[in-house]
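Position chain B against the provided structure of chain A, taking the given hints into account.
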Amino acid sequence: MNQQSKFEHQGLYRREFEHDACGVGMVANLSGEASHEIVVNGMTILKRLMHRGATGNDPETGDGAGLLMRIPKKFFAAKVTPLRDRMSGNASFPFGVAMIFGGEGEEKIVEDTVRNNNCEVLAWRDVPTNPDAIGKDARSVMPRIRQLFIGALDLGSESAFERRLYIIRREIEKAAKNLYICSCSSRTIVYKGLLLATQMEKFYPDLSDPDFISPFALVHQRYSTNTFPSWELAHPFRALAHNGEINALKGNLNALAAREPSLASPLFGDELKRLLPIVHQGQSDSASLDNIFEMLVAAGRDAPHAMMMLIPQAWGAKYHMGHDVRAFYEYHSALMEPWDGPAAVAFTDGIGIGATLDRNGLRPARWTLTNDGLFVLASETGVLDIAPERIARHGRIKPGSILWLDLEKHRILEDAELKNFYARRRPYRRWINENHIPVTGLFTEIVPSKCPHDESGKEALLRERQRFGWTLEDMELLLRPMAETGHEPVGAMGNDAALACLSKRSHTLFDHFHQLFAQVTNPPIDPIREELVMSIMTYIGNQGNILAETPEHARLVKMTRPVLTDDELKRIRNIPDFPAKTLSMYFDGKLKAALDALATDALKAVKDGAKIIVLSDRSALSAKRIPSLLAVAAVNKVLTDAGVRPSVGIIVESGEVREIHHFAVLLGFGATAINPWLAFASLYDFTKCDSVTAAANYVSAVCKGLMKIMSKMGISTLRSYRSARIFEAVGLGPKIMSEYFGGVVSPVGGLELEDIENAQDTFLPGGEYRARKGGVEHLWTPNRIVDFRESVRHDDFARFKRYTDSIDLESGVTLRSQLEFNGRAGSTNPPVGSRVPRDSDGRAASPLAAADVQSVDSIVKHFIGGAMSLGSLSPEAHETIALALNGLGTMSNSGEGGENPERFGTDKNSAIKQVASGRFGVTIEYLHSAKDLQIKLAQGAKPGEGGQLPAHKVDEFVARLRHAKPGTTLISPPPHHDIYSIEDLAQLIYDLKCANPKARISVKLVSEAGVGTIAAGVAKAHADVVIISGYDGGTGAAPLTSMKHAGLPWEVGLAEAHQTLIKNNLRHRVKLQVDGQLRTGRDIVIAAMLGADEFAFGTSMLVSIGCIQCRNCNLNCCPVGIATQKPELRHKFAGKPEHLQRYFRFLAEEVREHLAALGLKSLAEARGRADLLKAKEGSRFDFGDVLQRLSGEDVIVTSNAKGDLDANYDARELIPSLKTDGEAILDRMISNCDRSVGAMLSGHIVGMRVPPVTVNFTGVAGQSFGAFLAKSITFNLVGEANDYVGKSLSGGIITIRPPSPDVRLFKPDENTIAGNVIAYGATSGKIFINGLAGERFGIRNSGATLVAEGIGDHGCEYMTGGVAVILGPVGVNFAAGMTGGIAYVYDETATLDLNSNLDSVDLFPVEEGSAEEKELLSLLEEHVNRTCSPKAKALLADWPNVRPKFTKVEPTKAVGTSA
Amino acid sequence: MQRIHDIYRPTEERKHDFKEVERILSADELKEQTGRCMNCGQPFCHAYACPLGNLVPDQNRAVAQGDWKRAYELLSANSDFPEFTSRICPALCEASCVHGLDEEAVMIRQSEKRIIETAFAQGWVVPHPPKEENGKSVAVIGAGPAGLSAAVTLRRKGWAVTVYEKRAEIGGLLRYGIPCFKLDKSIIDRRRAILEAEGIDFITGIEVGKDISAEWLARRFDSVVVAIGTPAARDLKIPGRELGGIHLALEFLEGQNKFLTGETSSLPIDAKGKNVLVIGGGDTGSDCVGTAIRQGAASVTQIEIMPKPPDERDASTPWPLWPYMLRTSSSHKEGCERRWNLNSLRFIGNAASPVAAVAGVEVETVEWEFSPEGRPLKFKAVPDTKEIIKADLVFLAMGFTGVPKENPIVSQLGLQQTPRTALMSDPARNIHCVGDCASGASLVVRALASGKSIPLE
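In the order they appear, the protein sequences are chains A and B.
Going by the numbering used here, the first sequence opens with residue 1, and the numbers climb by one from there.
Going by the numbering used here, the second sequence opens with residue 10001, and the numbers climb by one from there.
One chain only, chain A, in its complex shape (with noise of 0.2 Å):
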């Protein structure tokens, strides 16, 4: 259906930028029998899942909700008069049902479609709704819903019809433009709409039909992150449902398209190129994969079959695997990259359905099984009641597993089953084997460059280096710590350097390109303590044709790393099967010619049979050189569009390439793999260590910064990250950009491929880390910071205006610098009336005096404290902000290290608490503590990123603070584990604001492009403010490449968030806040125009204290005491609250002044007035689209509290019944609705001596159950708990037994009660589990005390305190990054070592008589106490035998210090 008028590119919003999640479930009589239970057990799951969705700005009007079932033939026979026809003389009567929305006018255009495929138009049916029962927004766009039968008239096999109604529906979708079909299928069909749940049988009365019937009901909740009413983004799709998001789903459609042309099936033969394109434009990564499940099962592969091959589990060498699954995964590796992401997917071939999960095993996916064959699968647990008495298992599908529904044979096969089964239909291990092309010594050990190490050698070395560009930055900050430690190099304070556009120094066209990263709707991951899932292995030589399976599909080159040597690439020069072309980039005359050239070259090499083109700059043919980048674009389209790609490996040798995201964006833009021969070359004889260790560093810190860009976005494997361009562009026009980097967002313009051509000159220094005289220019420079300084301390406004007249007069280094104010003359200190700035609509807005604008004293509340936790600041630095701030009125920010208790309440008070990644330090009080809770999702130093507090900064006070031991590494893990989607978001922002509900909660959110639709999304977590990071702000240390390369300037996410809120009505519900190297009035002036309410501040807050930018924050060596934790360098420290209050102060007066002049009585006035701005003269950008404003700038943010705190379990439930004399104990339901039963309570006790209260809940708990649980509180739960139980427990008992006391019929240990993710960031209390819980168990764990009696994977990841008491298996990469606490582990197998991340910890006995045996005693028998857990009480009847099987996991001491 075309909705194109609402998704249209308007201002710095683009359609693609959408994302959903949500919740998913399915229901199934594994009988196979039809019945209308289990289309009302689907509604119901719908209903239970509720919370999961979103809302608009009208509250009637749902993201979507739908269902996917069996074609209930009696119920349409009886409604549709030809139908009833034909099956009364055949009860067998086949027809398929095509669901329709729209079409009108259309409808000839289906109908001949359908005849031409001879087939049978039987009859079509307007499907019975009610548009009362649905929202305004949903029924004002509302399409007409029909159904349409379908007859086949040459019927071949059944799968025949099915393939040819997928046929069909793929012609009609390209012939018909105003229509879109939800399913059309014999077997299937799909009710969904823009829905809530609620009213989905409302609406459609068909569904409340009793003979409305089905075997099984494959369900959806969404949640997106936009508010346009659109119905067919509504989920199932035709074969599955998907909660979560796919990272990888630029690559996996460019890598599609590039097959598209090989592609070949005898089942369509001929018919297969009226299917393509395979994925219609402009669909959701849901919607794909969908397109791409259903052609490989069209084409013949089984439903679990394809599934597997889409959404592969890990299988890298630390998985113990068989060798047959394994040969199985390598085999489809080369026909499909992963389709990588969080992902629950429930999915259906009409036949059967099956679930599965991602490698990561970021969404959860529960499954009960009745001993009446009901089978229940959803995103929670409790989504159907069920009596305790009829349930036979308790379920969750694992990291990479899938689960198959035969209803045929009435069976569940389960993960291990099915993929045998697969994995030896065809001999994938000999075809291995036998096909794999050997290459002798690729790969074996590192050889490093031979060049000569005399003088004349190293001359020769060094102007080369200096013909490619290279600084004395690129040897000493970014090679040598490579090389010689083989990590990519850190820096902190972020980046205050020109943007390479801007700069005056000619940059590599990388420089150009930003790394984009996940925030919010899918999650970054860990590739250091997670690096299981990670590969970076990739191919040459794969076959196109995805749709067959041949021994020749695996006659391949392998390579482990896209990094190569010198050797390395001799070696694959010389593969005899695989014919190598080298191509020069060296180039006389244009650069478009040569790049027309060079791309016509590669495509001749390749028809003559090459399979490996190398493009090189090595041997110098003439002085001017392509850039390796555009190279690899310009060859990488002509092989996609002439249908060869697949089959042929890019190799990139060149000079040029030396950091990692040079790498990165090579590979990003289709290279197989890159020589970087002068970095090889330089390190010969460079550092102190030998050659080949040198150089093998070097390879190593690239692909782990590899792993760690792709990490980023939540991608785990190269091959899928290969040509997906994941990145914006910063400063490169619409021509170059269209040209060679399509699908890549350059939201300013600029550059253009003669400004390439001619740009080519080399400053030695550098200065683009380190400032150097004549290097890359910098805001900071000295003399600014000396004027800043004296000018605060001495309190000399003159001298301020100094400091800011020569940022705002002469850096133009941010794309701020490009813009100037709408009819005035001069950025300061405009003669005033001399030009009066006029409004878009003419009207000259004539200067105020300054008397009528705003105070200084309401301005400087605008002005907020960026977070900058204690432990990166000295306690010194850290109150003295605190102090500054709470006295100006304003807040300042804690950062993520947790706060001194002391201060809380006094004016030392942080009035910002941040709960990060790591929750160090996150207890009730701190959270309570508050006026602002502030999510951090990401930082503009590194986001996507997680960090790492040394051990050696971590002394006895930053440890008592984080809840860690003095010397413990404190790991910030890159994702929150309590949200890897967007709905996860809102739960947790429900969480706090139960906790607290008088803070308003704030998000951070890094700029990039499509972070409008993110804030969108979080605007309908009901957040209160939303702030956009520039991505050169943030202090914290971080890897250098991601300070520089990720994340987009301020000015474009700000816009494009301010723009987009606007464009879903949802402006009225946040405020916007901005930070990243702001530094003057004209700074926050314009950042208002762009449509930001309040100011954060980082840097500039720390110079105002004394900092002077020496940006060794993570050495701790800190000069003026600020960033460190040292007593004799904290001494020095020199800042005075009153220098930060004279900066605000001085900066609010010069805000007034451009008010003023500009005829603005306050920042609330100049908020959104985009049109008060312009590029300034001469400018080579195109503003256009950041300066567009939209109707509604004007609207005034009122609250997005979320109405039904009140209505809160808690508040309902529990608070009214505390007693102020003796303990209350308490009786309780609950059920999944029940979310964060326990925060408001706690919240409610905190500071109040409240006698202990016990409560005893019966039912299923809702997520978060026990969330911030205070010490005093007890909780017993007979049931079954959601994910995130125990969240950040500060004191409180949680305990959790089912409720069927006849272990003959139910064991505990073998069952999952408790969902993932439990006791994140717990600082003390206990939780007692008497079965089996989820993945990441105990995670971030500071000092609870765990029992459960089996997990899943990732157990006890990051523990830096506490205790875990696991009773029975624990999953893979268990104690990974564990830096603390103590686990003890019954490993009955003895294999605790293979399912343990070893890097951090190590493995040791429980000796008899020790304290850990007392310890380990006194634990399982307080378990049996309170959970009556039978196998505890059989381990302890057994104690002799038991204990030797024990393991105790501890930390090793030293623990390594690297990022």
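Hints are computed from structural coordinates only; laboratory data are not their basis.
There could be a bad hint or two in this list.
As the list claims (entries may be wrong) - Okay, derived cross-link-like pairs now, DMTMM-like style, lysine to aspartate or glutamate, Cα gap no bigger than 25 Å in a straight line:
1. A:K688 / B:D10028
2. A:K773 / B:D10067
3. A:K688 / B:E10073
4. A:K450 / B:E10457
5. A:K1136 / B:E10312
6. B:K10069 / A:E1128
7. B:K10131 / A:E464
8. A:K773 / B:E10073
9. B:K10031 / A:E484
10. B:K10069 / A:D690
11. B:K10166 / B:D10189
12. B:K10405 / A:D454
13. A:K1132 / B:E10032
14. A:K1132 / B:E10373
15. B:K10157 / A:D690
16. A:K1132 / B:E10132
17. A:K773 / B:E10457
18. A:K1136 / B:E10104
19. B:K10031 / A:E1128
20. A:K1126 / B:E10032
21. A:K1132 / B:D10102
22. B:K10131 / A:E455
23. A:K688 / B:E10032
24. A:K1136 / B:E10373
25. A:K1126 / B:E10132
26. B:K10380 / B:E10362
27. A:K1136 / B:D10102
28. B:K10069 / A:D932
29. B:K10131 / A:D454
30. B:K10069 / A:E464
31. B:K10157 / A:D1227
32. A:K688 / B:E10029
33. A:K1132 / B:E10312
34. A:K458 / B:D10067
35. A:K1126 / B:D10102
36. A:K624 / B:E10132
37. B:K10386 / A:E464
38. A:K998 / A:D932
Same frame as chain A, but now just chain B:
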């Protein structure tokens, strides 16, 4: 870790000879020193303080890594005469070193000295004649730091360079002002050889304006560079100035330097056995102190009209500014009395002497009025504090006044002067003024930077 304070030869040894007083720190000492460099994000040493913009952090790193060759390459990228600056520069870089916030600046100057001395010793310092002559010629008037710097800069761009120097040798104040115990003159000769090998012509002993006319140079050469320094020293016109034994400091220093290099056979002014009074508390005065001590003066006193500066960085010159503070040179430590707040009123003659010679100076203690920032503004005499300081020799070391209007070069070239007598370039006629004569008396390093930045291509 601290700076190394033990950088001089023992006092008893050094005060009897004219060899350089400062030792060259060892490679190990410097490795530790440079290892302290934090390679700051904003390197004030390099980007704020050093007029030449020396790549201090980069060369520090090279030294710390023991890579002296690279250190030399980095140093010579901006600095053409590191052997001079590393000996006599007050090291502005160190004053703004971030470690200098608490007085522990990295020893940048000493490191520079070892880099350049290592480079000479290893034969890395080689002439870099231009690859191509550009066909243009330039006359440089004055072979002091600014003139030499301009000469080498232009030569490397392909100019044919002729340097005119009125004295017998090149170097200007480096040779005739600064004592040998701070800068041995062989250091200048060593550099001269390199410069000549690069093709620079030196014409010495010819005074432009007198022996040949500057105007002729302007016609003969495509461009003229004026680098004549600030020849006029400030005099002290108080009663008794005509008495014998009262000299401008530079006369004294020049005499000693010429004697040591054999340019003259006897000392024109000898302080042996004399009571020496130096008026003026700056570096030149300090050089007179050290020279007088070495000549065997009976006593040496140095007086200053200004108040005694604070022992540590004064609040009026916060980091990273050049600190206003008391400076004690190696010469001061060799035995001299220093006094402040003394205004000289008149010289007193020795009646007994056959020629009227100075016997003392009458001085009076003064009291200063300070600015709000703490800098001295005006003084007034303190009543009843007159006294006489005995002196057989008086050296006036009170700075320089600028280029006299009467200087024939000024008139011959028709140059304009600022009110403070600085010479102004005339780019239209291809006449460029560099160094002290263009900016007023300042540091050698500023003169070098001025010569280097000459706007000729």
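Legend entry - Restraint check for K10386 of chain B with E464 of chain A, where alpha carbons must lie at most 25 Å apart: With Cα atoms ~73 Å apart, K10386 of chain B and E464 of chain A exceed 25 Å; violated.
Legend entry - Distance restraint between K10131 of chain B and D454 of chain A, which requires alpha-carbon spacing of 25 Å or less: holds (23 Å)
Legend entry - Pairwise hint evaluation, E10132 of chain B against K624 of chain A, where the allowed Cα distance is 25 Å at most: The given pair, whose Cα atoms are some 24 Å apart, holds under the 25 Å limit.
Inset, instruction - Starting from K773 of chain A, check that the Cα of D10067 of chain B is at most 25 Å away, please. - result: With a Cα-Cα distance of about 23 Å, the restraint between K773 of chain A and D10067 of chain B holds, given a limit of 25 Å.
Inset, instruction - Below or equal to 25 Å on CA atoms is what counts here, so check K1126 of chain A against E10032 of chain B. - result: Roughly 21 Å separates the two Cα atoms, so the pair holds.
Inset, instruction - Measure nothing beyond the straight line between the CA atoms of K1136 of chain A and E10373 of chain B; if it is 25 Å or shorter, mark the hint as holding. - result: With a Cα-Cα distance of about 20 Å, the restraint between K1136 of chain A and E10373 of chain B holds, given a limit of 25 Å.
Inset, instruction - Quickly compare the C-alpha distance for K688 of chain A and E10029 of chain B to 25 Å and report which way the hint goes. - result: Answer holds: K688 of chain A to E10029 of chain B is near 20 Å, not above 25 Å.
Legend entry - Straight-line alpha-carbon gap K10069 of chain B to E464 of chain A, limit 25 Å: holds (19 Å)
Legend entry - 25 Å limit on alpha-carbon distance, applied to hinted pair K1126 of chain A and E10132 of chain B: With a Cα-Cα distance of about 57 Å, the restraint between K1126 of chain A and E10132 of chain B is violated, given a limit of 25 Å.
Legend entry - Given pair status - E484 of chain A, K10031 of chain B, alpha carbons within 25 Å: holds (19 Å)
Inset, instruction - Starting from K10069 of chain B, check that the Cα of E1128 of chain A is at most 25 Å away, please. - result: violated (36 Å)
Legend entry - Distance restraint between K450 of chain A and E10457 of chain B, which requires alpha-carbon spacing of 25 Å or less: violated (41 Å)
The structure fails hints 4, 6, 12, 15, 16, 25, 28, 31, 37 (numbered hints given earlier, in ascending order).
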